[in-house]
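Chains as they are written, first to last, in the working numbering: chain A, 1428 to 1864; chain B, 31 to 481.
Keep in mind the hints are simulated off the structure, nothing from the lab.
Here a beta-carbon is modelled for each residue, glycine too, at the ideal position from N, C-alpha and C.
There may be inaccurate statements among the hints.
[Stated by the list, open to error] Derived BS3-like pairs (lysine-lysine); straight-line CA-CA distance at most 27 Å:
id	chain 1	residue 1	chain 2	residue 2
1	A	Lys1728	B	Lys164
2	A	Lys1667	A	Lys1742
3	A	Lys1728	A	Lys1742
4	B	Lys212	A	Lys1585
5	B	Lys111	A	Lys1728
[Said to hold, decoys possible] Each pair of labels, with its calculated beta carbon distance range:
id	chain 1	residue 1	chain 2	residue 2	range
6	B	Ala196	A	Ala1622	46 to 54 Å
7	B	Lys254	A	Glu1781	33 to 41 Å
8	A	Asp1625	B	Glu280	51 to 59 Å
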Amino acid sequence: MKRIYLAFIALLTFSVVAQAEVKIQEVTSPGGIKAWLVEEHSIPFASLEIRFKGGASLDPKGKRGAINLMVGLLEEGAADKNARQFAAATEGLAASFGFDVGDDAMSVSAQFLTENRDEAMALLRTALQEPRFDEDAIARVKAQVVSAIQSAVTDPDKISGRTFDRLAFGDHPYATSINGTLESVAALTRDDLFAAKDAVMARDRLYVGAVGDITPEELGKLLDDLLGGLPVVGAEMPQKAPYLLKGGMTVVPFDTPQSVVTFGLEGIERHDPDFFAAYVMNTILGGSGRQSRLMEEVREKRGLTYGVYTYLMPKDYAALYMGRVASANDRVAKAVQVIRDEWVKMAENGVTAEELEGAKTYLTGAYPLRFDGNGPIANILVGMQMDDLPIDYITTRNDKVNAVTLEDIKRVAKRLVRPDDLHFVVVGKPVGLESTE
Amino acid sequence: MRILGLALVALTLLIRPLWAQEISNFTLDNGLEVVVIEDHRAPVVVQMVWYRAGAADEKPGVSGIAHFLEHLLFKATDHMKAGELSDTVAANGGSDNAFTTWDYTAYYQRVAADRLDLMMTMESDRMRNLRLTKDDIATERDVILEERNMRIENNPDALFREQRYAAQYLNHPYGIPVIGWKHEMENLSLDDAMAFYRRYYAPNDAVLIVAGDVDPENVLALAKKHYGPLAPTEGLKPRHRPEEPPQLSERRMTYVDPRVSQPYVIRTYLAPERNAGDQKQAAALTMLSELLGGNGQTSVLGRKLQFETQKAIYTSAFYDGVSLDKTTFGLVIVPSEGVSLAEGEAALDKAVAEFIEEGVDAEQFARIKMQLKADLIYQRDDVQALANEYGAALTSGLTLEDVKAWPQVLQDVAPEDVLTAAKLLQDKRQAVTAWLTNPTAQDTAKTEVSQ
């Protein structure tokens, strides 16, 4: 039954991919700001995704948390409006503005109606170019950040992820939380926030994607108004992060019924010639869905977990290959053993032809389904630019997946799936697991 | 602020009348309801089957069986091997999953539109033809126990929520967690699962929703072909669960867990839900929750507790009217450093009392209505969310007409209606006030000293 389905499907996949092509235009504003645009006029609104490379890793030494706090304050008052007036104005326009930051990028996500686009963008412009950073707002947002810092201390998920980062990245910003510490956040001043803003929100690291009810001409003018006044040059970009972690195990004792495990090792960069082979290989080993080997062995056959997965994490200044699992304290040792066994099996034998075909039909079929809505497409457009991919990438991407061979997988598995380098961080009271060294 | 108010009036008038997405519906001879939501922007379809059966329909002693059965529906049927449905969806580049609540259990696949026939072949097969083995039960029961470990046992907020709901409902099964009590989950059996399956998994207990790039006539033909031959469950009546007696006594509780970093207070009141043809009170409560705690910066609680005073670092109000039986209205305060839970709760009470005294701010009210109108534009970009809205409503006692009428019912709410609805918050006999804290926090320490 299943075989028949598979054969029948392969024929149809290509037509679907072709239909899902989205027409991307490169727009350059009169002021020289570049953006990628997909026009979609059937619904009277647009989504705009703006990103600045560098993100929270541009925090100056000793001021960890400055960029995160600054980003949290962008919606807390700008130009002639205090925090509450700014929020009321946003509500009155039925627009939404989201500000976020991670290790490698800061993002501004906007959604606004066509009928009041000019007012919405004028309001957003004040947040990006004239934030107030009022002292009362700083105190309020600091209190929220402090609460998040304290909560992370008793959250087994956060403990396991952050322990791995701390052990892997030494004194690079990747080693610590973007929230900063209680001490570093307490010491941040209003001046630090203005400095943090100019460090990260500059035009030399700016990427824009727009999707929806807007023309190239309208977008060009909008971009100049919105972003033209930002500094031309920002802070110096971070250094490459060292990877310091050896294979082994770190147990962090924590009184909770289920152990949470983060595992990983050094991975592969986005522009590595073997990236696609690694991507397909990971789909088979531990990628999303119930179909991976790890889900089959750890969950379906043995009931050791609700979920286990692995993922490639090519960051801008380091590349990781990571995984997660959670299992009751008295069963987690078994789960870890099964994962190790699968790791060895993949390193030694690679994958079967059937598995490779299954992963390809899944990945090539799933790709067009990602383009579902203005916001998600705007995210993809920005991501492609930040990864330095060509504007026609969408039409060639599935060919790259289909070109991966059994030999490619074997080569990349040897290189990437190194059982001896795998490090596990286990948070809980695991029975039968102990820290190495 | 004043100028803003004027601008707002102009904008409200500019909003064009909205054309809803094309929605069609049919009912097959065996009782299956079919809803088709068209969206032709991308060649994608979502098929969802919603059963009018959830955790609140379980018999006493087998809590978690509705959710356990949801997991087991991915095992073998007369025509498919265990896991084959998901494997096939994945091989078609699609994604699939399922979810269970107190009122419904739903299954879905999202896939290229030309695979709908295949999806219906498989989904209709597992509606009546599940073939479970003893091994399936043992292994999958371990999986749901690990799921409970992950979602509940490892998470003090979730343990706290279970205890609160148990206190809120004196008699109705909403007081029992959807995933089940651990000691009952450990004993769930094949017979328990099959009894629930045979009764509720039937065309006359299900709603099929197909959303995306499809033609309604074609969907109807496919539905007839695949679901039409399935036999209904005879004698299936509308659900009547045990009802709440009058709630005469205020409940207060404290849950102490060393894994809590941020103590907070939450209070829920037993509240009416949206009913077919009668959604006005629920609409007023929806507006009340938006006014009180919808947006942290502009809401009444945010203004009074985070801006005019610094009693809280976070406040919220919540209400979801989509529920077969009585639902809850909730208030939350996360006190600032140095503010005890007792002080936080008192400040929350004071803010609510002041709101009832001061009445509804006309500008805030107009802004919320403007946003609700705009949501009708934004939601057209997300057909799966729309499918979810219809599925949840139709399996929670509402009709298609109720769903279509809801935006206008919300627009018709007057400030007086909100204040009438707010009387609910003055009767703590129907409320549970709950503190979440840790052994070293101020309030706990104080209690110990005074004892």
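27 Å limit on alpha-carbon distance, applied to hinted pair Lys1667 of chain A and Lys1742 of chain A: 10 Å, holds
Agreement of Lys1728 of chain A and Lys1742 of chain A with the hint, judged by alpha carbon distance not exceeding 27 Å: 34 Å, violated
Given pair status - Lys1585 of chain A, Lys212 of chain B, alpha carbons within 27 Å: 25 Å, holds
Supplied distance hint 51 to 59 Å, evaluated on CB atoms of Asp1625 of chain A and Glu280 of chain B: 54 Å, holds
Range hint compliance [Cβ, Lys254 of chain B to Glu1781 of chain A, 33 to 41 Å]: For Lys254 of chain B and Glu1781 of chain A the Cβ distance comes to about 36 Å; the hint holds.
Restraint check for Lys1728 of chain A with Lys164 of chain B, where alpha carbons must lie at most 27 Å apart: 13 Å, holds
Given hint Lys1728 of chain A paired with Lys111 of chain B - CA-CA distance at most 27 Å: 14 Å, holds
Range agreement (Cβ of Ala1622 of chain A with Cβ of Ala196 of chain B, hint 46 to 54 Å): 51 Å, holds
Violated hints amount to a single one, hint 3; each of the other numbered hints is respected by the structure.
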